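If you want the building blocks of each chain, they are given just below.
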Amino acid sequence: MAHRRKSIGIQRIAAYATIAVALVVTLFPVYWIAANSFKYDIDIFSIPPQWIPANPTSKHYHAAFVERPFLIYALNSLIIAVSTTLVSVVFGSLAGYALARFQYPGRWRYQISFWILSTRMMPPIVTIIPLYIAFNHLGMLNTKPAVIIAYTAFNLPFATWMMKSYFQDLPVELEEAAMVDGDTRWGAFLHVALPLARPGLAATAIFCLIISWNEFLLALILTLTERSQTLPIGIAGRVTQYNTYWGEISAAGFTACIPIMIFAFVVQKHLVRGISFGAVKG
Amino acid sequence: MASVVFQDVVKKFGTFTAVSDLNLEVRDKEFLVLLGPSGCGKTTTMRMVAGLEEVTAGEIFIGGDRVNDVLPKYRDVAMVFQSYALYPHLSVADNIGYPLKIRKVPQDKQRQMVMEVARRVELDGLLDRLPKQLSGGQRQRVALARAIIRTPKVFLMDEPLSNLDAKLRVQMRAELKHLQHELQVTTIYVTHDQIEAMTLAHRVAVMNKGVIEQLGTPRQIYNDPRTLFVAGFIGSPPMNLIDGEVKDGVFTSLGGVRVDGLGSANAASAVLGVRPEDIHVLPAGSEKTNVMAPIYSVELTGESTLVTLRAGAALLTVRADKNFVGDFDQMVEIGFAPGRVFLFDRQSQDRVDF
Chain X
1 MAHRRKSIGI QRIAAYATIA VALVVTLFPV YWIAANSFKY DIDIFSIPPQ
51 WIPANPTSKH YHAAFVERPF LIYALNSLII AVSTTLVSVV FGSLAGYALA
101 RFQYPGRWRY QISFWILSTR MMPPIVTIIP LYIAFNHLGM LNTKPAVIIA
151 YTAFNLPFAT WMMKSYFQDL PVELEEAAMV DGDTRWGAFL HVALPLARPG
201 LAATAIFCLI ISWNEFLLAL ILTLTERSQT LPIGIAGRVT QYNTYWGEIS
251 AAGFTACIPI MIFAFVVQKH LVRGISFGAV KG
Chain F
1 MASVVFQDVV KKFGTFTAVS DLNLEVRDKE FLVLLGPSGC GKTTTMRMVA
51 GLEEVTAGEI FIGGDRVNDV LPKYRDVAMV FQSYALYPHL SVADNIGYPL
101 KIRKVPQDKQ RQMVMEVARR VELDGLLDRL PKQLSGGQRQ RVALARAIIR
151 TPKVFLMDEP LSNLDAKLRV QMRAELKHLQ HELQVTTIYV THDQIEAMTL
201 AHRVAVMNKG VIEQLGTPRQ IYNDPRTLFV AGFIGSPPMN LIDGEVKDGV
251 FTSLGGVRVD GLGSANAASA VLGVRPEDIH VLPAGSEKTN VMAPIYSVEL
301 TGESTLVTLR AGAALLTVRA DKNFVGDFDQ MVEIGFAPGR VFLFDRQSQD
351 RVDF
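Taken in sequence, the protein lines are chains X and F.
Last residue of the first sequence: number 282 in full-length UniProt numbering, and the count goes up by one each step with no gaps.
Last residue of the second sequence: number 354 in full-length UniProt numbering, and the count goes up by one each step with no gaps.
Since the hints were made in silico from the structure, they are not lab data.
Among the hints, erroneous ones may be present.
As the list claims (entries may be wrong) - Below, a list of computed lysine to aspartate or glutamate pairs in the DMTMM-like style, where the Cα atoms sit at most 25 Å apart:
{"no.": "1", "chain 1": "F", "residue 1": "K12", "chain 2": "X", "residue 2": "E226"}
{"no.": "2", "chain 1": "F", "residue 1": "K247", "chain 2": "F", "residue 2": "D278"}
{"no.": "3", "chain 1": "F", "residue 1": "K104", "chain 2": "X", "residue 2": "E173"}
{"no.": "4", "chain 1": "F", "residue 1": "K132", "chain 2": "X", "residue 2": "E226"}
{"no.": "5", "chain 1": "X", "residue 1": "K269", "chain 2": "F", "residue 2": "D128"}
Unchecked claim - Pairwise CB distance ranges (calculated):
{"no.": "6", "chain 1": "X", "residue 1": "I112", "chain 2": "F", "residue 2": "T199", "range": "47 to 55 Å"}
{"no.": "7", "chain 1": "X", "residue 1": "Y110", "chain 2": "F", "residue 2": "D165", "range": "22 to 30 Å"}
{"no.": "8", "chain 1": "X", "residue 1": "I112", "chain 2": "F", "residue 2": "D69", "range": "24 to 32 Å"}
Stated by the list, open to error - Cβ-to-Cβ under 8 Å is the rule here; a few derived chain F residues that face chain X:
{"no.": "9", "residue": "L52"}
{"no.": "10", "residue": "V77"}
{"no.": "11", "residue": "A85"}
{"no.": "12", "residue": "P88"}
{"no.": "13", "residue": "H89"}
{"no.": "14", "residue": "Y98"}
{"no.": "15", "residue": "P99"}
Because the structure is a prediction, the values reported are computed rather than measured.
Backbone N, C-alpha and C define an ideal beta-carbon position, used for all residues, glycine too.
Pulled out of the complex, with its shape left as it was, chain F reads as follows (with noise of 0.2 Å):
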């Protein structure tokens, strides 16, 4: 049970800096995800904590702790890997039991709490296979396992689901989540995935090149992006993002992309953002049309139906009903919900209020 506090830290591989100038608080008992593209610097912040990187600057806290200079071992955090990194030649209760082991628990203790354990992920029976006679999932299992085996101040997880078949990822989320609740552990999970972010987080760090671009609660991420990066990443399908020019509250872009009403905003160079959710089908000559495009394609997912219009250089997509009926390069006209419209600089990437 801890808080982890990052004060300004730096790290440097050579010249590449991987994570630069960090602040971030992570509370007692809460699960913080750290969300990015590949190489944004998530995994190393995450490795910092855990005591597998060095820091080059800044301080790092656990539990009120400051830990820099202090050994993995003695910072008293449990850590799931990407890969699992289950021990090949020791069997699943070994795997399990071996922090206990370092420990030096007592046997009969050590026996009693990995079969407590592998109750509690349905690992029973398993115990002693070797990780290699396990499937993806199990060996996930025996990762996790092994995370909680002892109740340590922070769980770190490093893209623990990434291994994962689909239908196996949603239910291990569901997993995750619950046992959070169950443990109050604080935790830090690391992913490139938003959805694992939305549905897991307490709160969302986004972390773009090394730099924290926006922290809030998945629906702050979700309704109100600071910048443009934060507005792309999140949602599937992603946000519409239109290259265009404000004059006086109006946009217009080259693919004939026309919304009023955006205060007194002025920019040469913005870009238009707006969810797929937020623009909705018209019937002809509406005057709510802000566009009027041909289709580019459909999509039926089931619950809805991707629309896609081309309009100039620009794809937009609409989230449109599911019963949406068109063809190839039929004309479409699109409205979008008002105050669901966001302006970003293209110069500054900072969302500009209207």
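Next comes chain X alone, as it looks inside the complex (with noise of 0.2 Å):
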């Protein structure tokens, strides 16, 4: 007895042990980050280094914010990321809902989503050069229709897989009772189905958000101006010929990480899976 309750201590001491390491493996690289914007820049590069601002100080943030276009950046990113994750939830659900429940002859239904997935499947640096031109063509380079609808095209089949998934997971008789008390197959999506996916939609949310806030390399190349350019084109900005900004790339970088934590703690009590226990079974 003794010797069991002992090993449970010790598997537990080895659990924490180990979350605390992966705690600070991601963590500290924020802290840093967040720790050099309120230095000076002589103290950034201190040796040894200054665990904590010693000398606080705003003048980063006011460098980015104030003196430059940080500000229209974080709001062309905002845009964007908004934009995009609208309306890849909007039509990942409803082409996921499809994919879900419809009937389709044959393997239809696989073939279809496997091309879906498949557009993901070169690196999208492939796309860059095609994109380039066609959006050259439109007229439509340095706008932020066109990285809405880059990005679009890149979220959407995961939205549409996650989406899929979510509604295969729900008892397709609680649509048909809703068929048969009255609805439509769409209003049985709006009143049933989409409520009870709201986990995925959350999600689904989260994970588009997420990406078209961080990415870089499509934006590199679709946006020219504080027109259409974003944070991370903003920041990554600041490396330039003759200087690093390490203090102004660290206030923006952290002001950077903000919206999406808000946004993660909204979100995440709809995540909890578990809404449609209840639904069927005795």
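With the hints as a guide, dock the two chains, each given alone in a separate frame, to form the complex.
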């Protein structure tokens, strides 16, 4: 008995130790960016490192958001990420539902699903030149809609697949009951399937938002000025020929984390699975 | 209030034929039970009435209107699902009121009707709960209430009692029967439980492999089975079916069963059927004895004793008096009630009249 309890204790210590290491590895960079954003340039490079800013300053925030157009970059990022997320979630739900529920001849359900996923199988970089040429012809280079369209194209397959799997997990009788009760297929989707797929919607939205908020490569090619440039591009722009402005980079980088964190906290309560318990089975 | 008519209805899933050439008229206000083992096509048949499955061929009429291409919402039927299919994100009241909400019935009228129906199925007081906070029996009632809140042309019930425990099932069975009598709505009820079929139905359609084997009142189905399948499916314990041969009206089996007086029937491969309650334990040396066999097991059920005998390869179940006493391997003589013995052709599975 005593032996067993001891081994459980060791297991628990090991578990906490692993968690602690993981937390340090993931959170330290965030902390370091936050700390650097409040330090003078000279303190950023001081050796031994200054773990806590000795003379906190807001000068880098002033430089980034007042002297330089980081507020506009942030706004661009917000518009692009939110639009992409909305479009991806709306069309992803519709497509996912159609793939989960409708009848297809032969193996067409699988074929179509696979085709949708296969559009993500090449690295995005191979599409950049065609995209650039296409948007150039359309006169859409350096516009937010171009970035939104490109991002949506990349998010939609994942959104579709995620929503498809959520809808497949819902008992089909619920929608059938709604239809017999007097709903159309569309009504059953809106009134029954969609509310029950809320955890899926939340997860898909977070996923799309993070991807589009952080995306760098496509934005770098498709945008030129602050008319459409996003935060990652703006931040990268502070690595210049003559100097790397670590203070401004840290200030903008730390600020960029905040909206995503807030969104994740707001949405996470919807992520809880199990709302469909009690629907079927006695 | 409507009849439901199936005309040459066929349903195929790919190459599999779930229902073949179904012809059936469910009369107005009738309680019709589709009875059969799983996979016999009974649920598919019901789902075609609801509009949840398309008809491959043939026609379905509800109240005289052809409904093949009519959306479920316009068919005016109500369905109780085996899983209840309650909307988990809605309260009991909203679940029950859902059909009214969809039909845009005014709010206060909705509330009043929900209250009325809830009282009827004894759910008042639970209206604010979510389905997951209810017991199985209560969920059952919510599903029922949702079906009866509007007066549809047809009730469809897909094994509505199968998820309840035995005691509750018996109670709900009686309530269902009473409710259908009160509401006078045509009802199609699917079950694999032959007791439910016997107790609830005005008429029973026994289905097997996509075909109706026999359609009739519970009494007809029980007393006058037309096929081997119906004979074996109805009754608990089931009818004894003994393989053997008939020559000039005399049946003999390898296990030593001998029955005469079967007219002039002749068949090299026949099945004799006799219900447990139509077999009597006889005193030793009786001239009415059909077979003498050792006891395989004795089970007291309370109101009677089930005595199983081993006659060759066959096991025969006899419903004997509750005071019957016997021991394993004890030899017992039994006799079949004259006129209560059925003969079936092994090949065609049909009844052989004599």
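Verification of the hints:
1. F/K12 <-> X/E226: The given pair, whose Cα atoms are some 61 Å apart, is violated under the 25 Å limit.
2. F/K247 <-> F/D278: 23 Å, holds
3. F/K104 <-> X/E173: 23 Å, holds
4. F/K132 <-> X/E226: 52 Å, violated
5. X/K269 <-> F/D128: 22 Å, holds
6. X/I112 <-> F/T199: 47 to 55 Å: At 48 Å between Cβs, range holds.
7. X/Y110 <-> F/D165: 22 to 30 Å: Hint violated: Cβ distance 41 Å, outside 22 to 30 Å.
8. X/I112 <-> F/D69: 24 to 32 Å: Holds, since X/I112 and F/D69 (Cβ atoms, about 26 Å apart) stay within the stated range.
9. L52: Holds. Min distance 5 Å.
10. V77: 6 Å, holds
11. A85: 4 Å, holds
12. P88: Status holds, d = 4 Å.
13. H89: 5 Å, holds
14. Y98: 5 Å, holds
15. P99: With a closest approach of 4 Å, the F/P99 hint holds.
Hints 1, 4 and 7 from the earlier list are contradicted by this structure; the remaining hints agree with it.
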